[in-house]
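**Student:** Read top to bottom, the protein sequences are chains A and B.
The numbering of the first sequence is the numbering used here, which starts it at 1 and goes up by one.
The numbering of the second sequence is the numbering used here, which starts it at 1 and goes up by one.
The set of hints was computed from the structure by calculation and includes no laboratory data.
Treat the hints with care, as some may be off.
Under the rule of at most 20 Å between Cα atoms (straight-line distance), these lysine to aspartate or glutamate pairs were calculated in the EDC-like manner [to be verified]:
1) B:Lys48 - A:Asp148
2) A:Lys74 - A:Glu178
3) B:Lys80 - A:Asp184
4) A:Lys163 - A:Glu178
5) B:Lys41 - A:Glu140
6) B:Lys80 - A:Glu126
7) A:Lys170 - A:Asp148
8) B:Lys48 - A:Glu90
9) A:Lys163 - A:Asp184
10) A:Lys97 - A:Asp62
11) B:Lys159 - A:Glu90
12) B:Lys126 - B:Asp257
In case you want the letters, here they are:
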Amino acid sequence: MKQKKIKKYTWSMFLSLVVCMTFVFSGCGNKKASESMLGESGQATELSQGDQAPDFTAEVNDGSTFSLSEQKDKVILLNFWATWCGPCVEEMPAFEKLYQEYGDQVAILAVNSMEDKGTVDRFIEEQGYTFPIAYDEKGEIISKYPTDGIPYTLVIGKDGTVKKIYIGAKGAEQQYEEYKSAIDSEL
Amino acid sequence: MKEKTDKKLRWFHRTESKRRFVQVICALLYNCNLTGFAEGKIYQGDFKGFCVPGLNCYSCPGAVAACPLGSLQTALISSKYRFPYYILGVLLLFGVVLGRVICGFLCPFGLIQELLYKIPSRKIKKNRWTSRLSLLKYIILIVFVIGIPLILLVPGFCKFICPAGTLEAGIILVSMNQSLQALAGWLFSWKILILLLLLISAVFIFRSFCRFICPLGAFYSLFHKTAVIGMCIDEDKCTGCNICLKRCQMDIKKVGDRECVQCGDCINHCPANALRFGRK
Numbered sequence: 001m002k003q004k005k006i007k008k009y010t011w012s013m014f015l016s017l018v019v020c021m022t023f024v025f026s027g028c029g030n031k032k033a034s035e036s037m038l039g040e041s042g043q044a045t046e047l048s049q050g051d052q053a054p055d056f057t058a059e060v061n062d063g064s065t066f067s068l069s070e071q072k073d074k075v076i077l078l079n080f081w082a083t084w085c086g087p088c089v090e091e092m093p094a095f096e097k098l099y100q101e102y103g104d105q106v107a108i109l110a111v112n113s114m115e116d117k118g119t120v121d122r123f124i125e126e127q128g129y130t131f132p133i134a135y136d137e138k139g140e141i142i143s144k145y146p147t148d149g150i151p152y153t154l155v156i157g158k159d160g161t162v163k164k165i166y167i168g169a170k171g172a173e174q175q176y177e178e179y180k181s182a183i184d185s186e187l
Numbered sequence: 001m002k003e004k005t006d007k008k009l010r011w012f013h014r015t016e017s018k019r020r021f022v023q024v025i026c027a028l029l030y031n032c033n034l035t036g037f038a039e040g041k042i043y044q045g046d047f048k049g050f051c052v053p054g055l056n057c058y059s060c061p062g063a064v065a066a067c068p069l070g071s072l073q074t075a076l077i078s079s080k081y082r083f084p085y086y087i088l089g090v091l092l093l094f095g096v097v098l099g100r101v102i103c104g105f106l107c108p109f110g111l112i113q114e115l116l117y118k119i120p121s122r123k124i125k126k127n128r129w130t131s132r133l134s135l136l137k138y139i140i141l142i143v144f145v146i147g148i149p150l151i152l153l154v155p156g157f158c159k160f161i162c163p164a165g166t167l168e169a170g171i172i173l174v175s176m177n178q179s180l181q182a183l184a185g186w187l188f189s190w191k192i193l194i195l196l197l198l199l200i201s202a203v204f205i206f207r208s209f210c211r212f213i214c215p216l217g218a219f220y221s222l223f224h225k226t227a228v229i230g231m232c233i234d235e236d237k238c239t240g241c242n243i244c245l246k247r248c249q250m251d252i253k254k255v256g257d258r259e260c261v262q263c264g265d266c267i268n269h270c271p272a273n274a275l276r277f278g279r280k
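Extracted from the complex, chain B is given alone in its bound form (with noise of 0.2 Å):
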């Protein structure tokens, strides 16, 4: 008996660490320009025409390529002059393929709080208020996302909200660039604040900007019964038992819903091997 839960919980650190592998990877991939953090500088070669899949800020003086959700936000401003092809189809192929296995995997941000979270301290576990505030992101979604940007030509949620613009180039941009400085206003210090706040909390909620504030996982759970890739529950096998749910640390319902970021750690606590990552 021993043995076999010794075996299982070396499974589980095995797949834990190929995932924060695959997300570190993924980070350095997403910021590999390292020259521009040394100089403060933003890269725009022909490869910041494309975007990644995860969040990451276009700004960030290491990034290639381009954040999806400001990608959109922008394409709708100028919507009425061009209609946003490009990033509406990238945004259905991810979704589609990959769902919120882009969270859970290929998202820097999150690799950052999940960090944030190993931090020894109190823990919030998931309740009712945290399954009830899981919805905000789809009103981020609809109002600074898309409303914003349409109706105020403003890219509502890189501007007023955006955490991981702050912490990946806004401060590293003002600090080096004093042309920068002298911009930087209230706005600054708000989007400070934001960012502390949602910093502070993933020490305490596991992933709280995923669950309760960011866009693009939002957009993405639309794709939960429908992407290619992602959680599988074998209906023969499964007991019943909900031990998956009280040890997911997401506001799930059932496993591989829309609040499930498909990490995966649910398939070595099942009893009954009824869980599995893969094609659906």
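Chain A on its own, in the form it takes in the complex (with noise of 0.2 Å):
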């Protein structure tokens, strides 16, 4: 008798556990995202086609700021990577040679994501990229734009909406075809 009410207590206790983790778990998500961008569940939501494109501030490799509300007028790239992120590295010629061609036409910004700044540095240094490459340490920049998974690149109409997500990059010859064919028609 007294051995079940131990039995009892044990799993009273263990899924009490589990409820109160499933609910700290479930609240700290990405507390970062601008409250425009709060879904119902409180946070970012994801962003489809047509959607605003939410505002941010980067600190760029070059010592630049760029800020995405100052690039009226101008079609943009954005595109989160990390180094550690195969499909992300294999892309990037796509952005260095866009940005080339394109050069003010089109503002291309690759958003590092949580890697501290020494490591984009080495990376960059090591490749000999010249686009643009912001630093995003704690997450504060792609917690605005929520994905599951990196790279993630969406072209960025004039008018400041999405105009076109990508997620996933099937290599840089294929992926600068893509892009460039949606920057065209936001041209």
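The task is to assemble the complex, starting from two chains supplied on their own in separate frames and drawing on the hints.
**Tutor:** Encoded structure:
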């Protein structure tokens, strides 16, 4: 009888623990999202085509600051990546090529996802990329652009709305073609 | 005599259910972001920066922490730019303290396989071939977990093999997200095939994935002599009857060797009470 009671007590303790943990973890996702982008669950919602691209300000590797709201009348190619992400690294020559081709006509920015500056700098130095790469050590920018996976790339039109969304990448050449046609249709 | 056998049987069931209880708690604690399952979204909070000891996919919608094997591969990919201090330290710590106790007690995928093995069917017992096949996991560790990430910059094991990832994350996320459905190609079909083969094999072969494939178990097995906790043999009491080896379903040559998942089932079969589980 006593043993049964103990068993019941253990199970109820265990169930309460699981329920508590569930509440804790469902509530501590990305809290940094701007209020305007908060969905019903309190977390930033994933963007869809036609949505207004959330504004952010980022520190770029050349020392300048990139602000989305200051890119008016420009098509923006916004990418999220990391050095450990194979497909992200693989498609980067596409951004370099587009940057060389379009110059100031298109604002290209590759936002690194939560790695430290030193890691990002070593990567850029080794690869020799010249297009703007931004740091996001604390994940403040990516929290406004929630995604289940990277590479995550958005083409944002001159009106500031999201025109195309890409999750994943199929190599530099194919991605170059994809991004180029999306940019051209917005120019 | 009968009373003694009954007592021992009760003890066996008690220890077995205790281990099962720990396994279930672990599986639930690793995956307690239950709302993630409903939304088909991955939890990305700060706790995801930590690793759990067992094999549990980072991308499982319920997962609240990272998989050590997945973390190791991604850290090796970018090791040129940043030395993977955290993951190497954590893996060494888990290995030195617990070793393959993690396989027996703290791995949700081990639990799934043990439950599948309970399905009544003809079972394939350990033999010379299963013993040889158990070396495969070391090759997978070297090639897919270390070699491919370092050379080809791809998380080889996660990408091409891991059935835990397909079961816990791949199927759920792909079925719930349209954008991911567009990305699923031959690789997804390949991984579904691997998963099905391993799940079906687990019905007939005890812990087939752990014995032949799991590189995390292979890594932890390297600590079988140094792990703080695990199976201990009292050499003075041991009569060398080898009942423990015969009753064990893993490909062990000695209790507590690198193939032993430290489940402790042999304690109940030892007629000389020479086995115990605890601090070595």
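**Student:** Each hint needs a verdict: does it hold in this structure or not?
**Tutor:** Against the structure, the hints come out as follows:
Distance hint between Lys48 of chain B and Asp148 of chain A is fulfilled; the C-alpha atoms sit about 13 Å from each other, no more than 20 Å. In summary, the hint linking Lys74 of chain A to Glu178 of chain A is supported, as the alpha carbons are separated by about 18 Å, within the 20 Å threshold. For a cut-off of 20 Å, the pair hint linking Lys80 of chain B to Asp184 of chain A is broken: about 36 Å separates their Cα positions. As the CA atoms of Lys163 of chain A and Glu178 of chain A are separated by approximately 13 Å, the hinted pair is consistent with the 20 Å bound.
With a CA separation close to 19 Å, the supplied pair Lys41 of chain B and Glu140 of chain A stays within the 20 Å bound. The straight-line distance between the Cα atoms of Lys80 of chain B and Glu126 of chain A is roughly 10 Å, inside the 20 Å bound, and the hint therefore holds. Between Lys170 of chain A and Asp148 of chain A the alpha-carbon distance is near 17 Å, which keeps this suggested pair within the 20 Å criterion. A hinted pair counts as satisfied when its Cα atoms are at most 20 Å apart, and Lys48 of chain B with Glu90 of chain A does not qualify at roughly 25 Å.
A distance of roughly 12 Å separates the Cα atoms of Lys163 of chain A and Asp184 of chain A; the hinted pair therefore holds under the 20 Å criterion. Distance check on the hinted pair: Lys97 of chain A and Asp62 of chain A sit about 18 Å apart at the alpha-carbon level, within 20 Å; holds. With a C-alpha separation of about 16 Å, the suggested pairing of Lys159 of chain B with Glu90 of chain A holds against the 20 Å cut-off. A hinted pair counts as satisfied when its Cα atoms are at most 20 Å apart, and Lys126 of chain B with Asp257 of chain B qualifies at roughly 16 Å.
Hint compliance for this structure: hints 3, 8 are broken, all remaining hints hold.
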